[in-house]
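K.L.:
If you want the building blocks of each chain, they are given just below.
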Amino acid sequence: MTTTGSMTLFELPMGQEGTVSGAPGASDERTEEQEIALRLFEIGFIPGERVRVVARGYPGGDPLAVRVGDTMFALRRFEAERVLVTPACEAAR
Amino acid sequence: MSAATEGLRLALLGNPNCGKTALFNLLTGSRQKVANYPGVTVDRKEGQFTTAAGKSFRVLDLPGAYSLNALSIDEEITRDVILGRLDAEPPPELIVCVSDATNLKLNLRLVLEVRRLGVPMILALNMTDLAKRRGIVIDVPALARELGMPVVSTIAIKGGGADELIRQLDTPLAVTGSPPASWLPPDVTDVGATQREVRRILAATVSQPAVDTRRDERIDRVVLHPVWGMLILAGTLFLMFQAVFSWASLPMELIKDGIAAIGETVGERMPDTILRSLLVDGIIAGVGSVLVFLPQILILFLFILALEDSGYLPRAAFLLDRLMGTVGLSGRSFIPLLSSFACAIPGIMAARTISSWRDRLTTIMIAPLMTCSARLPVYALIIAAFIPETTVAGVFNLQGLVLFGLYVGGVASAMAVAGVLRLAAGKGVQSPLMLELPSYRWPHGRSLLLGLLERARIFLRRVGGIILSLMIVLWFLSTFPAAPAGASGPAIQYSYAGMLGRALEVVLAPIGFNWQISIALVPGMAAREVAVGALGTVYALSAAGDDVADQLLPMLAASWSLPTAFALLAWYVFSPQCLSTLAVVRRETNSWRYPVLMAAYLFALAYAAAFVTYRVALLLTGG
Chain A
1 MTTTGSMTLF ELPMGQEGTV SGAPGASDER TEEQEIALRL FEIGFIPGER
51 VRVVARGYPG GDPLAVRVGD TMFALRRFEA ERVLVTPACE AAR
Chain B
1001 MSAATEGLRL ALLGNPNCGK TALFNLLTGS RQKVANYPGV TVDRKEGQFT
1051 TAAGKSFRVL DLPGAYSLNA LSIDEEITRD VILGRLDAEP PPELIVCVSD
1101 ATNLKLNLRL VLEVRRLGVP MILALNMTDL AKRRGIVIDV PALARELGMP
1151 VVSTIAIKGG GADELIRQLD TPLAVTGSPP ASWLPPDVTD VGATQREVRR
1201 ILAATVSQPA VDTRRDERID RVVLHPVWGM LILAGTLFLM FQAVFSWASL
1251 PMELIKDGIA AIGETVGERM PDTILRSLLV DGIIAGVGSV LVFLPQILIL
1301 FLFILALEDS GYLPRAAFLL DRLMGTVGLS GRSFIPLLSS FACAIPGIMA
1351 ARTISSWRDR LTTIMIAPLM TCSARLPVYA LIIAAFIPET TVAGVFNLQG
1401 LVLFGLYVGG VASAMAVAGV LRLAAGKGVQ SPLMLELPSY RWPHGRSLLL
1451 GLLERARIFL RRVGGIILSL MIVLWFLSTF PAAPAGASGP AIQYSYAGML
1501 GRALEVVLAP IGFNWQISIA LVPGMAAREV AVGALGTVYA LSAAGDDVAD
1551 QLLPMLAASW SLPTAFALLA WYVFSPQCLS TLAVVRRETN SWRYPVLMAA
1601 YLFALAYAAA FVTYRVALLL TGG
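Chain order of the listed sequences is A and B.
If you're matching positions, the first sequence starts at 1 in the numbering used here and goes up one per residue.
If you're matching positions, the second sequence starts at 1001 in the numbering used here and goes up one per residue.
No lab work stands behind these hints: they were computed from the structure.
Idealized CB from N, CA, C, for every residue including glycine.
Warning: the hint list may mix true and false statements.
What the hints assert, rightly or not - If you want the footprint, here are the derived chain A segments under chain B, 3+ residues with CB under 8 Å: (1) 6-14; (2) 40-52.
To be verified - As a list, the in silico SDA-like pairs of lysine to any residue whose alpha-carbon atoms are at most 25 Å apart: (3) K1256/B with L1298/B; (4) K1132/B with D70/A; (5) K1045/B with G1029/B; (6) K1132/B with G69/A; (7) K1045/B with G1084/B; (8) K1132/B with E49/A; (9) K1158/B with D70/A; (10) K1132/B with R50/A.
Said to hold, decoys possible - Derived, one-sided and incomplete: chain B residues facing chain A with beta-carbon distance under 8 Å: (11) S1067; (12) N1069; (13) S1330.
In isolation and in its complexed conformation, chain B is listed as follows (with noise of 0.2 Å):
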């Protein structure tokens, strides 16, 4: 088998929830998101480790799983890994079955499920230090003999605390190579059976204090109340938008300035060519217009993590379930759904771990309406030109309410799009919920790190690529062909982005666009962002003189209408772009149709929306 070449294959298998990924992560370096509620691991996540004694191994990263009796697609892929069901995945070699040492009577169901399938396997006693700390005693070896299997200690979230588990990899280990044996869903004696296994073994090798539940339970009793919890829940999230834009002013100046500067010193130290228009009105000013957006995205990302890492997810989950049922989905969507205002792939990928398929369908066709990351450059830049930066009742900054306006306003329409569809569909069978809600911890500061880390490593990595390329294109387009000769407007108004822009200006002048606008979403289409500095270069280029960098603010200011720039705001709300979207859509649905009705139903409300928005504010501004 090539299998040899690369290594053993080690499949890390095991609830949610048990600190699984964490592991994953200490093993081999990876900087993936590191989180405590179901569902974070979605993907097929796959490193590469070899132990002090030269032994490598390639590690899958399952999704968490309850039991192999799959719920959820999930589960599904994980019992399909496990039992070799997959084509292009050969079954693990070997399994390290993740069980959270503070919950073994939960954990270890599975371990006894996945024994039977005789493939070689090693039990990580996860989240040890807890456990010691709580004053449960686990009598290891009798543990292991009562197993049948190697069982180590581990502590994914301290730097060496895997250590016991590599030791135990370095040694000979019982792998037999041979298929696991077949597997048939397990009835109700089986797991009854199972269940009382579970509890004798606990009772001959685990003694543990009564649970201490009474600090959970007094939070709880608070963040779970109908009334106070909804404060909370209320509250955090106005905090968060909150912060997004008043902690993120200071770096945000001093990007811009530092910005501004590198075009200056290029543009002096460079004679006047074709290619310092490039360098200085392409890229320096089209990438650095969204660059800029960097510690806003930092933060609400810093938020997102930190609720995911202390537990309070699964509950906001809960709180909003009996509000998620009044349009036929449950709790269980609202954390794909929060994921989706970082962005709406990861958030389409998360909403495998709802096991009603209508829920799962109509939780991945609401989650572009969550405001995600890539808007906020566009919100930012408008609230910021538009909105006046004044206090509101003493403590609220205007700028953050509109901006909390627009999220309440893409989560609206998210419910009554959901709505429309449960009644399309009609009614069905009523949709589970049973969520896990983990005891609470304090996020943990190097995880926290680590994620916003790979955060800003994506941003960059979109920033260096598929948006510098854009910016490229962008600058090409609107710079040949030149103005002729003697020409009084700018130049960009002759070019192919201008020629462009006009056309679409016919179809979005009745919404307000002029045409740098209509210019400026056709790169939006591949990223929204983009649209940002596109506008930049549209603006940069039309401008006269050499003063490009950092004008943008007060151009759009003085140049758009206040119905323009509300229109453009009531656009982005829907904003029928994004094609990695629609591409992952295509992926998890199996089907052209749900993209296809994605794209059309957001374009149809985009315009919609727009077209209102900018017939009333004249109206209302009296133009």
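Isolated chain A, as found in the complex (with noise of 0.2 Å):
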């Protein structure tokens, strides 16, 4: 997984644009981990997909709705984790 100019999910700020930039890594184990991560590619966090944080939980911003693609998915830290993302330029907003 690259992470040159990404942060996870997790880390994206509430409201901003951001685009999906890794892809979980091939793996022939199938962990836990590894079904978690293979279950957000198949609902749509793959490379290349925008994604916003519409809302946050308290404290520590943990769970997360996050908009994917034409629907919105509530996140666990931890999962959010698995996903690597790149904000999108501060000018666009």
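Mind docking these for me? Both chains are given alone in their own frames, and the hints should help you get the complex.
P.N.:
Shown next as structure tokens:
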């Protein structure tokens, strides 16, 4: 996974647009973590997809409500941390 | 194959929230609950319908699934049915894949995944009315070409909205009858390729204006806000419970008066025989005292159904995720637990959408602590008899406040039990949430009405079936043997029921229960609300004279002390009863261990809570 210029979805500030930048690594293992990463991939967190954090829990910003594609998903911190994003430049906001 | 005589096996498959269950209802005319949050279609639902040309189909409504690569028990059921892995369930001969036309980016991936199995398929583009309103234009013939399967438009919430699908089913179908191709769980490369294919097909066939999410997001900024959202949630639940009491009072009076009138009429027309006693004291008084709670139960369900339909429920789950996390659960447990306020059985079954087994088990174990509608009659009776109907702080109905307190008590103990279970299990991996928050929709009048009718039917069937028969048994037990000649006390004291009650009283006296309550708790094991009817029967029969029909309230108020009433309320917060709940737990956990554990811990908590309540209330009232 490349991380240059990326942050995790959990770190994306509320309201800011971002683009998913990393796919889960290919692996033959089918651990619980792998399954979660794969499911995130299946529900639309794929490279190039635009995402935005719409709401956050309190305290600590966990869980998050994330708009992805044409829908919205509620994710917990450890789930959001498996998605890498590149924030859109500030000027675009 | 025998299926030929019964019709073609057709399975409805689709993502959660795609309106699949609504389409199922429209096709089969069955009257099930329709909702738009993940997890309502947990039961195996089959229906039958015949097309205009006379072809008949057996339709299976599969649980909603995002993928064949299952993460929850629910999705496993769907996968196993589709792949023909279940012994009792031959694989479908035709799959109708239902997709939300406003959310094809998410929905089409499953279509492509299932297409690989080689089973004949039709794609039903559902909610096309909504898609049109949002300016989404779908080139249906091009989509059909790309997918290599017939594509039809449906509007599942509109009468006639499935006509195009039915016409399609009338055309000759390419049914091969061959079993599905072998299937391996896809890896990241496969999923990536499918996702690219979805985007390519969408680019070629669908023109979609930038999604206007402003309305939803404006609402969500408030509804999902950590402070305002919580206030709205608390307000909504509070309003719900206030309404249960205040809106229901008029229809309840009418039902009560009606039953009293029937009892009197029957009593006057019949000679004073044992048959009259059975009819008036046993059946009319007993069943009537349960029937009177129908309006309250319907109001409770009206709220739950409307919240489901609007898309609010998963949002409430989001809000409560953090709180549930403190006892080791996730927001996902909220939806089954809220259903448990209506009845623990659908709640326990809805726990199938929880992917982590530990979370699912904890949710099942605490579901009976949510105050189910069967407890409502008991609460309502005692509250009406002992809590004055005054207004507190200008707006709140005191009776409603007490009821709210009882609900809170149930929730608090559920959280405590979940916390203890978590400590016992040790900290494990984190529980996933990953819950879709669908677009807000106005609750749909017709589906609310169908849901309420279904609830009313279930309740009346219980009243007519198990409750009626228990009332008759109870009447028998409390009538025979008759009092000896010259006996001074009420006749029931000398009956079998009196003996049983006196025996139980030894155990229950320390928590303030008299023998009449002790008797009523026995049939309450089969169905909690029967305790009310049983009290009706016990007191009607122990009363002197003929005026038995609607005298229960003043009679209870006169014969129970306040501590006894409070102790019974506390007992019912835990109420280790309801055999059907225990049976469902046995089935869902596939083990006797958990239902036995559940009954034991509920009984212990009920006894302890009633004991403490009784003793404290005695001290406070100077008894």
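K.L.:
Can you list which hints this structure breaks, lowest number first?
P.N.:
1
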